[in-house]
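Student: Below are the chains, spelled out letter by letter.
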Amino acid sequence: MEKVYFNPDVELASRDYLRAVQSARLIKMVENCYNNVPFYKKKFDDIGLLPGDIKSIDDITKLPFTIKQDLRDNYPFGLFAVPNEKLVRIHASSGTTGKQTVVGYTQHDVDVWAEGAARAIVAAGGTKGDKIHVSYGYGLFTGGLGLHYGAEKLGATAIPASSGNTHRQMQILQDFGSDILCCTPSYAMFIGESLKAAGVDSSKIPLRAGIFGAEAWSENMRREIEKSLNIKAYDIYGLSEIAGPGVAYECCEQSGMHICEDYFYPEVVDPDTLEPLPDGKYGELVFTCIGKEALPLVRYRTRDITALSHEKCACGRTLVKMLKPKGRSDDMLIIRGVNVFPSQVEHVILSLGMEPNYQIVVDRVNNLDVMTVKIEMSDALLSDSVRKVEDQENRIKAAMQTTLGVSAKIKLVEPRSLPRSEGKAVRVIDNREI
Amino acid sequence: MAIRQISVFVENKPGRLAEITGFLAEGGVSIRAFSIADTTDFGILRLIVSDTQKAAEVLKAAGVAVSITEVVGISIPDVTGTFAKVVKVLADAGENVEYAYAFLTPEAGHAYVIVRVDDNAVATAVLKENGITVIDEASIL
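Heads up: the protein sequence lines correspond to chains A and B, in order. Quick note: the first sequence uses my numbering, first residue 1, plus one each step. Quick note: the second sequence uses my numbering, first residue 435, plus one each step.
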């Protein structure tokens, strides 16, 4: 197969070239942070760091880390480095206590992000002539618009199907002849099963590749998706704080995701000591947004556990690869592509005036994540009327949906029935085999 | 006049009902009447017992969620159409019957019926106006 790249100048660049680009961009970025983000000016001043101390990408380790809490403390726009008139887009993802994590983009930032997504589509075999079927959710979530703009940047045809309405998704796949499907891997599984149930032979539809991300998936699941949809399935990585999907993407080798390190400089550090780790060692992934204007995060701790590899890739790309994330260094759950923190669930329960005796159980039923929140019954919640108890369940369910952005089943259980170990409650049971 | 009923939250799992009624037995509380309303995941056991206060204490100590509600008790003769009359009287007064259950009485030829309505005072008044015998806790216990 002929090897094709969206941006060969960068994707095949020498290490020296990449380092020169990274160094120049880091220097510029640090100046931007120092001059335009009071939060960073203070952080730099606190450790006696001046922008002039950063002379190359090697100096990155002199910089302080940024965590999600910093975004929350400066909610909503406190970390933006540009005035409102330069912003062209805002996205947001759910935060830890009901407050969202807000990210802003200038036109340049949207272009950078689209470039990453376009590289991903081409790495998955996409061309200008292809129809890119985007079944990620459109909205504040970055999934939908990320791949959409990537497809348009490439000059391909974006089909903004968004998520849900599987019947219509199947119709589009068959009637429009989508070439590449972009969605969460669990939704891809679901579409595959729905096609089978509807008696559609997947070898008879044109679809030939899928770009799946926003949640953890295994090699097993990849094989199942590839079989059921008769395609090749590629992984994609992104997080809204950094850009969105397209921060890193898989190539035909399917052995890790090439990071757009010309814009998003990666490090892997020990989550406890924060010391940088060498290639191949698993630790927490940290990104510095060296190529972004509106939200230039410095050494942002993603909480994803992965390892980097600079080994030569058979696809020809020289961009560093990150291996499939193994988990998280915090307690964040990803439910159907949506980030959920147990603390958010607790926040909802407390806000309803209930005792925080709860447990989150996550299962994968028919390849879709199902989150059940078990809450211990109390005298105050109980009534002699089944209808009133069910009203309570529905009230909790609605509040969860509003805060988490994803639906949860509510199951009331008997008082003191949830397990406690050494006084500390076991909050999350994740039964998903990924 | 109203009768106190204890409602108990019971998860749908084998043996749980036996455990809960066992707590009452150990506490020396006797069950006069009961009904169970169930959903897929849980049930609500409603009880009229010999000592409501004691029953609530025993169950709470055993970690069971408990709620006390006042309900209306009626004594009706075993004659065709009597219960229909009771329900009609309540309906005419705009009282919705959320649930009802009946049990045997020592009084020959009669049944006791527990009804749960929105307003006990209104229901009691209209029942009495229509010649229906409303009973109090003492007459059951």
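Source of the hints: derived by calculation from the structure; they are not laboratory data. Among the hints, a few may not be true.
Said to hold, decoys possible - If you want the ones that stay clear, here's a sample from chain A, every Cβ over 10 Å from chain B, calculated:
(1) R19
(2) Q69
(3) L140
(4) S218
(5) G353
(6) V365
(7) D384
(8) R387
(9) K411
(10) P415
(11) S417
What the hints assert, rightly or not - List of simulated lysine to aspartate or glutamate pairs, EDC-like, C-alpha gap at most 16 Å:
(12) B:K494 / A:D379
(13) A:K326 / A:E355
(14) A:K388 / B:D475
Stated by the list, open to error - Not close to chain A: a few residues of chain B, all C-beta gaps over 10 Å, as computed:
(15) F457
(16) G462
(17) D472
(18) T473
What you are looking at is a predicted structure, and each value in this text was computed from that prediction instead of being measured. Each residue gets a CB set at the ideal place from its N, CA and C atoms; glycine is no exception.
Student: Verify the proposed pairing of K388 (chain A) with D475 (chain B), using a straight-line Cα cut of 16 Å.
Tutor: Answer holds: K388 (chain A) to D475 (chain B) is near 15 Å, not above 16 Å.
Student: Taking C-beta pairs only, is Q69 (chain A) more than 10 Å away from all of chain B?
Tutor: Label holds. Min Cβ-Cβ 36 Å, cutoff 10 Å.
Student: The output says D472 (chain B) does not contact chain A. Does that hold with a beta carbon cutoff of 10 Å?
Tutor: violated, 8 Å
Student: Taking the closest pair, is the beta carbon of R387 (chain A) still more than 10 Å from chain B?
Tutor: violated, 8 Å
Student: Against chain B, does P415 (chain A) keep a CB gap of more than 10 Å to every residue?
Tutor: Since the minimum Cβ distance to chain B is about 5 Å, P415 (chain A) lies within 10 Å and the statement is violated.
Student: Is it the case that L140 (chain A) keeps its Cβ farther than 10 Å from each residue Cβ in chain B?
Tutor: holds, 33 Å
Student: Test the statement that K411 (chain A) is away from the interface with chain B: the closest C-beta pair must be farther apart than 10 Å.
Tutor: violated, 6 Å
Student: A cut-off of 10 Å on Cβ-Cβ distance, and R19 (chain A) was said to be off the interface with chain B. Does that hold?
Tutor: holds, 59 Å
Student: Quick check for students: does the CB of G462 (chain B) sit more than 10 Å from each CB in chain A?
Tutor: holds, 22 Å
Student: Given the hint that K494 (chain B) pairs with D379 (chain A), does the C-alpha gap stay at or below 16 Å?
Tutor: Given pair K494 (chain B), D379 (chain A) holds - Cα atoms ~9 Å apart, limit 16 Å.
Student: Since T473 (chain B) was said not to touch the interface, does its Cβ keep a gap of more than 10 Å from each Cβ of chain A?
Tutor: violated, 6 Å
Student: Regarding the assertion that D384 (chain A) does not contact chain B, is the least Cβ-Cβ distance greater than 10 Å?
Tutor: violated, 4 Å
The structure fails hints 7, 8, 9, 10, 11, 13, 17, 18 (numbered hints given earlier, in ascending order).
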